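Guided by the hints, dock chain B onto chain A, whose structure is given.
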Amino acid sequence: MKKISRREFLGVSLKTGVATMFAGMFAPTATSMMGLGGIAHASTKKLSPFTFAVLTDAHLYDIPDHKFDAILAKGVADVNSLKPQPDFVLYAGDLGQSGKEAELIKGKKILDKLKMPYKIIPGEHDYYLDMGKAWRGLFGDEHWSFDHNGSHIIGMNSILVEDFWSMANLTPKERMGRMEELECHRCGLWGVGEKQLDWLEKDVKKLSPDTPIIIMTHSPLWDYYPRWNFQTLDAPEIRMLLRKFEKVMAIHGHVHQVVYNSIGNISSAGLLSTSWPWPYPPVELPYPNIKMNRVDPGDFEDGLGSHKIDVATSFDGEINYRAFSDLLPENVKRGVKL
Amino acid sequence: MNINHTFQTLKLAVVSVMTISTLLVVAEVDAKKPFNAVEKEDQMNMLMAAVKKGDDLWHNPGLGSNGLACGNCHPDGSATNPHTWPKYQTNLGKVGTLREMINWCIAVPMVGKPLALDSEDMVAMEAYVMYTHRGVAIAPAKDEQHGAVPVVSGPGYPNADAGNR
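Taken in sequence, the protein lines are chains A and B. Add 44 to a position in the first sequence, counting from 1, and you land on the number used in this note's numbering. Add 8 to a position in the second sequence, counting from 1, and you land on the number used in this note's numbering.
Since the hints were made in silico from the structure, they are not lab data. None of the values given here were measured: they were computed from a predicted structure. Heads up, a few of these hints could be off.
[Unchecked claim] Covered stretches of chain B (in silico footprint by chain A; criterion: 3 or more residues with CB under 8 Å from a CB of chain A, positions within the stretch not fixed): (1) 66–77; (2) 122–133; (3) 148–157.
Note that CB positions come from ideal geometry on N, CA and C, so glycine has one too.
Same shape as in the complex, but just chain A (with noise of 0.2 Å):
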């Protein structure tokens, strides 16, 4: 018998999903509402609650005393700061700008001053002059995964794209340099690809469906604005393998700035950097309430911040956005539900 592909089985399974999948979007479904609803609440393991910190989009350049290296090192302060301590840091990649070691190792460096342990996933500007190398010398695995006071936390590598460069002969500079770009045309959507995938599949294999999870790729688990790559291509299948959980936590980075989704039994938060804003993109917000003020240009630490996730005894979980000037609208400010 042949074997079918999680896309092929994804493909069938979505004859009769589209409504649901869309429906998610916007308004619990039957199935959604096992994961948000009072009964299905109610059984979710107890846990011990705790907080933990998320730093993200450094994109430091090989430059002595850049300003961005002084941005990431308040970031670090402010973690530092908080008060109760957080239990750990999450680093949800582009940490480096143009994939050089020395940005990595500066990073590090910087990074290494928490004062609690941290975990980080690689982004695409740390990635394609090597292919990871550097990256992985450093911080080792690109994905991962922990237990935490009962909760499940993962990390993945969602910046994986086709090989566009071997039949263009590009340099792997030339390979970075069109990865760098936003908006590059030629570069394709990224995704985590099959290997990791059928790696997500064994590692919750044995979790029961109340265990809370928590999972941090560097780009949205939602089609967002794929011109950006504000998506990532196999998050269908990611959230298929996680369609079992009653309740999962997604946290991005690769946007640079406040934004938030839910899908299913899905709740997932964009995150600030600590090297310049993003504008959003010319779609609409599925949440439009969620989202953060226009910033000022000559205010070079305006739009970006760190940020505190307070996970609570039945899994909920609050994000709140440390911005480093005044950028959010009261409603953010009191922190958003995850």
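Just chain B now, with coordinates in the frame of chain A:
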């Protein structure tokens, strides 16, 4: 009908004919033939060459000295709001133009050397930004961030599931 009246009518008719013929002559002198298809294509090609040049410059960190290019913060020329200029801009401290704002960004966040306002490079960057906002209604000083024209992504798109489009 008396003779006088007939004469008056005739005079009016003559004047009218003269006026119309004068107008026709003037119209013929002032009229310009519409551009033909070849001319239009040539003009568009020249504009597109400028847009392409502007796109390249927009993503060229060489305009600054700290590695940043315009495109770092303004993908597809976004958040430049070309439809709102000229306007009072706080960073400029005066009523300024889009070109002056581009120069401000080159000089301040990018720590580079401003371009001559009428240089070919500056015109190309303006062409790029205007083209990515084609069709947006002119709205002087409107306090809004308008996106660039939506662009469909490369191969592999659309991704069938979960879109808000």
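Okay, the region 122–133 of chain B and chain A, do three or more residues pass the C-beta test at under 8 Å? n = 0 at 8 Å, threshold three: violated.
Given coverage of the region 66–77 of chain B by chain A, checked by CB-CB distance under 8 Å (3 or more): Our answer is that it holds, as 4 residues pass the Cβ test (under 8 Å) against chain A, meeting three.
Is the coverage entry for the region 148–157 of chain B by chain A consistent with the three-residue Cβ rule at 8 Å? holds (count 4)
In this structure, the one hint that does not hold is number 2.
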